[in-house]
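> Here are the chains, one letter per residue:
Number of protein chains: 2
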Amino acid sequence: MSNAAISFHGAHTPTSEDPRRAKMIARRVKLLGPSYRLFYDEPFHPVRGEGVWLYDASGDAYLDVYNNVPSVGHCHPKIVEALSKQAATLNTHTRYLHETVLDYAEELLGTLPDEIERLTLTCTGSEANDLALRIANFETGGQGIVVTNLAYHGGTSAVADMSPSLGSGVGDHVRTVVAPDGYRRGTEGLGEAFAADVTNAFADLEANGYKPSVFIIDTIFSSDGVLSGPKGFLKPAVEAAKKAGALVVADEVQPGFGRTGDAFWGFQRHGFVPDIVTMGKPMGAGHPMAGLAARAEVLDGFGKKYRYFNTFGGNPVSCAVGMAVLNVIRDEHLMENALLVGKFLRQGLRDLASHHPLIGDVRGAGLFSGVELVRDRQTKTYATEETEQVVNDLMRKKILISRAGIGGNILKIRPPMPFSKENASFFIQTLDEVLREIPSQK
Amino acid sequence: MSNAAISFHGAHTPTSEDPRRAKMIARRVKLLGPSYRLFYDEPFHPVRGEGVWLYDASGDAYLDVYNNVPSVGHCHPKIVEALSKQAATLNTHTRYLHETVLDYAEELLGTLPDEIERLTLTCTGSEANDLALRIANFETGGQGIVVTNLAYHGGTSAVADMSPSLGSGVGDHVRTVVAPDGYRRGTEGLGEAFAADVTNAFADLEANGYKPSVFIIDTIFSSDGVLSGPKGFLKPAVEAAKKAGALVVADEVQPGFGRTGDAFWGFQRHGFVPDIVTMGKPMGAGHPMAGLAARAEVLDGFGKKYRYFNTFGGNPVSCAVGMAVLNVIRDEHLMENALLVGKFLRQGLRDLASHHPLIGDVRGAGLFSGVELVRDRQTKTYATEETEQVVNDLMRKKILISRAGIGGNILKIRPPMPFSKENASFFIQTLDEVLREIPSQK
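Residue numbers (UniProt numbering), protein chains in the order written: chain Z, 1 to 442; chain L, 1 to 442.
Treat the hints loosely; a few may be bogus.
Put simply, identical chains are the same to the list, so a pair is met inside one copy or across any two.
With a cut-off of at most 20 Å between alpha-carbon atoms, the simulated SDA-like pairs for lysine to any residue come out as follows [stated by the list, open to error]:
no.: 1; residue 1: 397; residue 2: 420
no.: 2; residue 1: 30; residue 2: 306
no.: 3; residue 1: 304; residue 2: 169
no.: 4; residue 1: 78; residue 2: 89
no.: 5; residue 1: 398; residue 2: 59
no.: 6; residue 1: 305; residue 2: 34
no.: 7; residue 1: 304; residue 2: 168
no.: 8; residue 1: 78; residue 2: 88
no.: 9; residue 1: 243; residue 2: 273
no.: 10; residue 1: 23; residue 2: 93
no.: 11; residue 1: 30; residue 2: 115
Quick caveat, the hints were computed from the structure, so don't treat them as lab data.
Since the model is a prediction, treat every value here as computed from it, not as a measurement.
Assemble the whole structure, with the sequences as input and the hints as a guide.
If you want it as C-alpha cells, here you go:
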C-alpha cells in the first residue's frame with residue numbers, strides 16, 4: 001500500500017459506532033499517536049486472510065481489490081511453510097556464509113535484464129530507495145533529483161525529501177515534473193513532452209548548483225494516479241536523464257514482481273534498462289524485505305568505498321520467503337493470470353463507463369488498474385467527494401479498495417494476483433450498484 | 001550485530017581452503033558485490049541454530065558469544081510458533097484495525113518510564129533513528145547533531161551522516177565528542193568532562209549556524225568499545241544537551257531488551273529519561289522489526305503535521321513475534337540471567353587478566369561485555385593484530401566472537417541471553433588457551 005495519496009485524503013481519525021472498534025481506535029490514539037491513520041469512515045478490522053479474501057470478526061468475507069503486498073494471496077500456505085521451516089532452522093545475518101541469499105539472488109537476478117548483475121537486500125522499499133540515492137550521489141558526484149509531482153518513494157529523511165505526495169515539500173535539490181498523464185494531456189507526443197520536462201528540470205538544478213544525480217520513477221506512477229501507458233512512453237525521459245548525467249532508478253516497489261502482467265518488471269513494458277532497480281512490498285508477501293539491483297559498475301564503485309550492512313537484510317528466513325514468493329508466482333502462473341484477468345477487468349470497467357458518466361478513464365496494466373472519476377467528461381473535474389463515497393460504499397458492500405491522485409479521484413485497483421474473472425465480475429457488479437447510488441449520476 | 005567497528009577491521013574478501021566455502025564466496029562476489037563483507041579469515045557457514053549454539057554443515061557446534069539479535073536464543077520454539085501461527089492467520093498493515101499492534105504497544109510501553117507514552121514501529125533500527133532525527137528536527141527547528149566519535153546509528157543517508165564509525169565522514173551539521181572511556185580517561189569526573197564536550201560541541205554547531213537538534217547516544221557505546229559505566233555517568237551530558245535545546249535520543253538498538261541485566265533499557269542504568277528511545281535488533285529475535293518510543297508531546301506534534309507510514313511496520317506477524325520475545329524474556333528470567341551470568345563471566349575474565357598481561361580492561365553490564373587488549377598496561381597501546389588473532393583463533397576453537405573500538409582491540413561479548421555459567425566457563429577456558437598462544441604474551 002502506498003503511504004502517499006491515500007493518507008493525503010484521510011488525515012482525520014475516524015470513529016466507530018461499534019463499541020469494540022471504537023475502543024480499538026481509542027487505544028490506537030493513546031498508544032500510537034496521531035501519525036497512525038486508518039482507512040475508511042468506518043475502519044476495517046480483519047481477523048483472518050486467505051487468497052483474495054479478508055475476513056472480519058463475524059466471519060464476513062471481504063474481497064481485497066487493493067492490497068499488493070500479499071500479491072501471491074493472503075497467508076499463502078507455501079509462504080507460511082517456507083517462513084516457518086527456515087525460522088525453526090537458522091536465522092542469522094550475511095556476515096556468515098549461507099546458501100539462501102545466494103540462491104535467492106541468483107533466481108531474482110534471473111528475472112532482470114543481463115545488465116543488472118548485483119543485488120543488495122534491505123528490509124523496506126524506503127531503505128532501498130535511500131540506498132539508491134546514496135549510490136547515485138557517489139557515482140555522479142551530484143545531488144540533483146528529478147521526481148514526478150505526486151511521487152512517493154519512502155519515509156526516510158532523504159527519500160521523504162523527494163516524495164512530494166507526502167505534502168511536506170521537497171528539498172532544494174529536488175525538482176518535480178508533471179507525471180505523463182495520457183488521459184488529461186493526450187497520448188500524442190506524451191513521452192517527448194515528459195522528456196522535455198525532465199531535461200528542463202535537470203537544467204534548472206544545474207543552474208542552481210545541483211549537479212544531476214537521479215531520475216527516479218515508479219514505472220506505473222502508482223501515487224500519481226496509475227499512469228500505465230502507452231507502452232514505451234518512458235524511453236525519451238530516460239534518455240533525457242542519462243544525457244543530463246543522472247542515473248535512472250526504476251522504483252518497482254509497486255509495479256514489480258509480475259503485477260503488470262506482460263513483464264516481470266514495470267520498466268520492461270517501456271523497453272529501457274535502468275541503472276538501479278528498487279523493489280519491496282510484494283517481495284516477501286508481507287515479510288519485511290526489499291532490495292536494490294543494479295549494474296555491477298554502479299554498485300561496485302560504492303561498495304568498494306563505503307560499507308553498507310543491513311542487520312536483517314538478506315537473512316536466511318527472508319531469503320527463503322523471497323524464494324517461495326518467486327516459486328509461487330511461477331508455479332501458479334500469477335503473471336499470466338494478471339495479464340488475463342487484468343484485461344477482463346478493464347473491459348468490464350469500460351463497459352460500466354458506457355452507462356456511468358462519472359467514469360472518465362479506465363487504464364492500467366495487468367492487475368494494476370486506475371479508474372478516474374470525473375464530474376464532467378469535458379472539463380475532467382475531479383470527482384473527489386464522489387470517489388471518497390465510492391470507496392466507503394464499496395467497503396460497506398465488502399469490497400476493499402482505495403484511491404490515488406492529486407484529486408483523490410482515482411480508484412486504485414491492485415488485488416492479490418490470484419484474482420479471478422469471477423472476482424473481477426463481482427467487483428464490477430458491486431461497483432455498478434454503488435455508482436447507481438451516487439447522487440450526481442444521471 | 002553492529003556494522004560499525006567490525007567491518008572497519010574486515011574490509012578484505014576472505015578466501016577459503018574448503019572448496020564448498022570457496023565456491024560460496026565466489027558466488028557472493030558475483031551476485032552481491034563488494035559491499036557484502038564476511039567475518040573471520042576463514043568464513044563461517046552455519047546451517048542450524050539452537051539456544052546459544054550455531055552448527056556447521058558437519059554438525060560441529062559453535063558457542064555464540066556474539067549475536068544479540070537472537071537474544072532469546074537461536075530459533076526459540078515460542079518465537080517460531082508465534083511467527084508461524086500469525087503468518088498463517090493474517091498479515092496486513094496498520095491502516096486496518098488489529099489487536100496485535102495495540103497489545104504489543106501496551107506491553108512494550110509498560111517496560112518504559114511513564115513519560116514515554118507513544119510507540120511508532122519500523123522494520124530496522126536505521127529507520128527508527130532516521131525517524132527520530134526527522135522528529136527532533138521538526139520539534140527543535142534545528143539540525144545540529146552531537147554523537148560520539150565512533151558511533152554507529154544506521155545506514156540511511158541521514159543516519160550514515162551521523163555514524164562516524166562507517167569511516168565516510170559526518171555531515172557539516174554533526175559534531176563528534178570522545179566517548180566517555182573510564183579505562184583510558186579515568187572515571188573521576190568522567191561524566192562532567194563528557195558533558196563539557198557536549199556543551200562545547202553544541203556551542204560550536206550554533207556558532208556555525210546549526211541550531212541544536214539531537215544528542216544521540218548508544219547507552220552502552222557498543223561500537224565505541226562497550227563503555228558501561230560507572231552507572232549514572234551519562235546524566236550530566238544529558239542535562240547539557242537539554243540545556244542546549246536538543247532532544248535526547250537513547251539508541252537502545254544494542255543495549256535494550258534486558259541485556260544489561262539490571263534494567264530493561266540501558267538508559268535506566270544511568271537514571272535519566274530520554275525524549276526518544278530507539279530500538280531494534282533483538283526486538284523480533286531476527287524478524288525484521290524495530291521502533292521508536294517517545295514522550296507524547298514530542299511525537300504528537302510531528303504526527304499531526306507529517307504523515308509517516310511504514311508498510312510492514314507494526315504488522316500482525318511482527319507484533320505477535322515482538323510479544324513472544326517480551327514473554328520469553330520475562331518467563332525465562334533472561335534479564336536476571338544476564339545480570340547473574342554477566343557478573344560471573346566478568347569475574348572469570350578478570351581472573352584471566354591476572355596471568356594474561358594482554359588483558360587491559362574488563363568491563364560491561366549484564367551480558368554485554370568488552371575486554372580490551374593492550375600491548376602495555378601503562379601505555380595502553382592497542383593490541384590490534386593480537387585481537388584479530390584472538391578472534392580468529394577462538395573461531396577455530398568453535399567460539400564465535402567479534403571486536404570493536406577504534407583500535408579494533410576490544411573483544412565484544414554479547415551472547416544470546418540464555419547463556420549459562422557453564423557456557424561462560426567454557427568461553428573463559430578457551431580464551432585462556434588462545435591467549436597462551438599469542439606471541440607477545442610472556
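> Look at each hint and say if it fits the structure.
How the hints compare with the structure:
1. 397 x 420: within (19 Å within a copy, 57 Å between copies)
2. 30 x 306: This pair counts as between: shortest inter-copy Cα distance 18 Å, intra-copy 41 Å.
3. 304 x 169: between (34 Å within a copy, 16 Å between copies)
4. 78 x 89: both (17 Å within a copy, 13 Å between copies)
5. 398 x 59: within (12 Å within a copy, 53 Å between copies)
6. 305 x 34: Between copies, since 9 Å is at most 20 Å while 41 Å is not.
7. 304 x 168: For residue 304 and residue 168, only the inter-copy Cα distance (12 Å) is at most 20 Å; the intra-copy one is 35 Å.
8. 78 x 88: Classified as both: same-chain Cα gap 15 Å, cross-chain 10 Å, threshold 20 Å.
9. 243 x 273: within (15 Å within a copy, 53 Å between copies)
10. 23 x 93: between (40 Å within a copy, 19 Å between copies)
11. 30 x 115: Between copies only: 13 Å across chains, 50 Å inside a chain, cut-off 20 Å.
Taken one by one, the earlier hints all hold for this structure without exception.
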